[in-house]
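The lines below spell out each chain.
There are 2 protein chains.
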Amino acid sequence: MEKAELKKLIDVAAGRVPADLIIRGADVVDVFSGTVRKKDIVISGKWIAAVCDPSSAGENGGDPPRAGREEVDASGYTAIPGLIDSHIHIESSYVTPEEIGRLLVPHGTSMIFADPHEIVNVCGLRGLDYMNRASKQTKLDIRFMLPSCVPATPYEHSGSRLDAKDMVVPIRYPEIQGLGEFMDYTGVCSGADGALDKIILAKREGKLIDGHAPGLAGKELDAYASAGIFADHECATADDARERISRGMYVMIREGSACHDLKELMKAVTPENSSRFVLCSDDRQPATILSEGHIDSHLRMLTAGGIDSVTAVRMGTINAAQCFGLSDRGAIAPGRRADITLVNNLKDFQVHRVWIGGELVAEDGRYLPETRRTDISPVRGSIHIGDFSEEKLKMHLKNGHVRTMTICPGGVLTKEEFAEVKIDEEGNFVWDPQQDIAKIAVIERHHDTGNVATALIKGYGIRKGAIAMSIAHDSHNIITVGVSDDEMAAAVFALKEQEGGIVLVGNGQVIERMPMPVAGLMTDQSGEWVDRRLRRIHRTAHEELGVNGDVEPVMTLCFMSLAVIPELKLTDEGLFDVRKFEFTTVER
Amino acid sequence: MEKAELKKLIDVAAGRVPADLIIRGADVVDVFSGTVRKKDIVISGKWIAAVCDPSSAGENGGDPPRAGREEVDASGYTAIPGLIDSHIHIESSYVTPEEIGRLLVPHGTSMIFADPHEIVNVCGLRGLDYMNRASKQTKLDIRFMLPSCVPATPYEHSGSRLDAKDMVVPIRYPEIQGLGEFMDYTGVCSGADGALDKIILAKREGKLIDGHAPGLAGKELDAYASAGIFADHECATADDARERISRGMYVMIREGSACHDLKELMKAVTPENSSRFVLCSDDRQPATILSEGHIDSHLRMLTAGGIDSVTAVRMGTINAAQCFGLSDRGAIAPGRRADITLVNNLKDFQVHRVWIGGELVAEDGRYLPETRRTDISPVRGSIHIGDFSEEKLKMHLKNGHVRTMTICPGGVLTKEEFAEVKIDEEGNFVWDPQQDIAKIAVIERHHDTGNVATALIKGYGIRKGAIAMSIAHDSHNIITVGVSDDEMAAAVFALKEQEGGIVLVGNGQVIERMPMPVAGLMTDQSGEWVDRRLRRIHRTAHEELGVNGDVEPVMTLCFMSLAVIPELKLTDEGLFDVRKFEFTTVER
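The listed protein sequences derive, respectively, from chains A and B. Residue numbering for the first sequence follows this note's numbering, beginning at 1 and increasing consecutively. Residue numbering for the second sequence follows this note's numbering, beginning at 1 and increasing consecutively.
No lab work stands behind these hints: they were computed from the structure. Honestly, I wouldn't trust all of these hints.
You can't tell identical chains apart in this list, so a pair holds if it fits in one copy or across any two.
[Said to hold, decoys possible] Calculated cross-link-like contacts (lysine-lysine; reagent style DSS-like; alpha-carbon spacing at most 30 Å):
hint	residue 1	residue 2
1	Lys392	Lys580
2	Lys7	Lys165
3	Lys165	Lys46
4	Lys7	Lys580
5	Lys203	Lys7
6	Lys46	Lys207
7	Lys207	Lys165
8	Lys203	Lys136
9	Lys394	Lys347
10	Lys165	Lys3
On a predicted model such as this, the values are computed, not experimentally measured, just so you know.
The following block holds chain A by itself, in its conformation from the complex (with noise of 0.2 Å):
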């Protein structure tokens, strides 16, 4: 803050100087004291610089009331402080930092603590700064957690690398709060140099460093916790969730697109530990943003689910910024910013006006800011296939006895499963309309290493066509599933021309497509662009290629590659058994 920025907060507080805004006769929710009031909102620039009593003639009776250059009428509305959530991946929306923004804001949101995991996989710190400056685009706060974990795993080729040694500098940006979830929590409960090297770096410089570790009891977790790690968002029980908080750590109640914790968590909320939540989305994509919302969205389903609205608030709220150790945010308080969500009631929570940082930045569902966009260029052009050809999608199977990387509908698991197939002469995999087994392939895409590795997918249902991606968590190298090799490699390759995304092939020819310029995982286009055509996409893959119903064709198949969540997982290194952490072969 300056000086003269502090020193005109200081006179309106004082009533000196008249207000730049007064948002008058809210019930104003008191996440201190645990109240809500009748009360004005007194704003000096960016700043709250009291809240005080709507009665006029100010608190000290003979006071004449405050004035404001501008004056709002919030009466029959409630105020709650900006939303924040503690954990989301820009990126699973498939937009930009600028588009999060105008899609959140409105929601009441007004801060996130975003992990950009993908695109620094992909582009590494490049992907870093890029994000970085693009979030300055939108008035939504962007706080960045430096990815910890990048490669996810050894097992595959990323398209960076980032030890703890590169981690010097970011780690001291402004913009960075600390590690992003440490996945590699065997690497933390094993003491393992490359982990403790990444944790003393992240405590030295004083940051945070937050949890991911779906599972963990007992002494494990008493090994990660002691590590220093802050939080969690990958509770799956309530009896984590208290684990965890008897540890010390924050829980971070996730309910995204795919991920649903908080009927289950909210079950573990007492009065007593209720500070320790706090809310996040994880991934949330454009069609659950534009019809459910955001954070708002769980304080509906929260206060629902039974708890005191004020406690709801106060998990996206002030929890939040107390988790984070920021002391200028998560109230509506002399000194905070001003950060500000008018809702029209503590149960519905439906948002009417939303400032961030004194300014009116949403009002009844619409961004009201000009939306600039960052120059992409820098992270566009991802795909390095090298030497890619439909002939490296033949495999060379000695027999027709496999295992196959069985789906589970609803879930990002696999099984193994065994089959026999039919293969050709040369032992390649024919495609059997009688039996829904495909051939599903990994394609390096980062340092035109040319490595593709092939195996076969049970009841992903495509009986036509090929589908290929440039999302494929965690090293988003080029996933494909196809029932010809040569439709396989007609997607990859319209894929390569398009600059990433998702491609559709039937009949040899693109029917549907999704470019995703931005490091081959985001568009640049609008939300609700993306909803629209994703919706298409998802249509096409259904009723033209036939994907299997109770499958989501995008979604399934972007996690078919992330070599942690069992049982069988392909990287572009082979088929990798994750219950025996080791690579297996297609013949059984």
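Please arrange chain B on chain A, whose structure you already have, making use of the hints.
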């Protein structure tokens, strides 16, 4: 933390290597969940590795039980986190930092936030450096706040002056958590330049700014809070507390030797706002510490007063850690420092054992480590009274119609009263046994200016001899009161010879003394010695010199120069009318 230390901590937590210490079977207070459960506390070096069920076989059923190189049976006791005093002036205990550690630690205190306001007023940053070095000789973790208001007022000579420019370097010291109590609330609320410079500096360096705002309310309190001041220990009423909490400030519940706010302030505590309260002592003399304790005594009082005992423990532990932004303190949980206090129960809070950083440092009231003393020579020899002589104590009154500073027993306020006194032919005051009015003088003692100011004090009761002290808030010039100029002068010269402290003169001779070679503010003796000597001084003052029974002879005198507390006070520059903020005359 070093890497090897982190590695070992994780290994111990994971159960791969034996713990250094296991405290077995205590009822452990979980400040996060608000529960109390029988647990084993597993410690690696300075750190807590795990808090686990004592059921032996470990959490995962088949795991072998954890082993410790040392094991302590704590069954029957309750373990709470090490206690934290959020605001204290060590100097007010008249002992050095090493000694305050020896006194406080056996009461379960592991950390204090000390504002070395007094010694910095006398010695400047040299005083801070001494305190900092001395604090390294005790196991008590002493963090410092950089005194924000030196001198406290412009109406006197202090030993030093700290403007924002002088703070640029020390504010960055790792031991410095922020700016100490911002007593110049007038400066803050009026937006005075010097105050703003200090606030901007602290904000820029990411440091806290502590408050001191007695009686501030309404718009003035808004102005004060809007500047970002995070806490206040000067709440006199429950309403004061509520007003500050609503404005986002922490309330420090003070219970010191002189100020007793706890019983009133606990009325403001609710389950909704209790996380915003922390505990402090501000000023606590050895007599109080030895007879009543420290923060443990706050806990007894809170619990006796009906506050839930876990809530009380939180105020003295995790709330303080959160308030100061320390993520490794305030809880018995993995990754936190092993600061653990064993008490008999959550009602009496009788402290049995205390570990700080995993080391047993106190047992049944005894501080166990050897106390090494820091060299005090850099802060010795602080009495510089220039050409002081008895002659300078002479008053030159034009007549006997005078105003008196009249003591209000039991407090630090004075009233202005008027009287008729005897004067000699030169206009000097002549003590009259018929009325309780004595001469009082303040002698500048920092810069050899030779400044002496005199006035008349009523209600102190002295009937014989003189008393002189080098503790006189906040500039700590010499203050003396007596019935004759020669005895007052004798007391002053004796004070110089003993390098400050307290001197009592009767019949022209020194009859009692407490030398305070450390900046004229602290003894180099034990707390027990200070307690005994102070009792003797009180007895001698009352019995030999005739000081009124309802007047605390030392404490009363040392506040007679504090020119911010109404109505009349005396500085080395003259008699000051605090109500008008201007100097006045002894003659009415």
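We went through each hint and held it up to the structure:
1. Lys392 <-> Lys580: within (27 Å within a copy, 92 Å between copies)
2. Lys7 <-> Lys165: Between. Shortest inter-copy distance 19 Å satisfies the 30 Å Cα cut-off; intra-copy 42 Å does not.
3. Lys165 <-> Lys46: This pair counts as between: shortest inter-copy Cα distance 27 Å, intra-copy 37 Å.
4. Lys7 <-> Lys580: between (63 Å within a copy, 25 Å between copies)
5. Lys203 <-> Lys7: between (35 Å within a copy, 14 Å between copies)
6. Lys46 <-> Lys207: both (26 Å within a copy, 21 Å between copies)
7. Lys207 <-> Lys165: This pair counts as both: shortest intra-copy Cα distance 16 Å, inter-copy 28 Å.
8. Lys203 <-> Lys136: both (27 Å within a copy, 22 Å between copies)
9. Lys394 <-> Lys347: Neither way: Lys394 and Lys347 sit 57 Å apart in one copy and 76 Å across, limit 30 Å.
10. Lys165 <-> Lys3: So Lys165 and Lys3 pass the 30 Å test across copies only (15 Å; inside, 37 Å).
Against the hints set out earlier in the document, a violation occurs for number 9 only.
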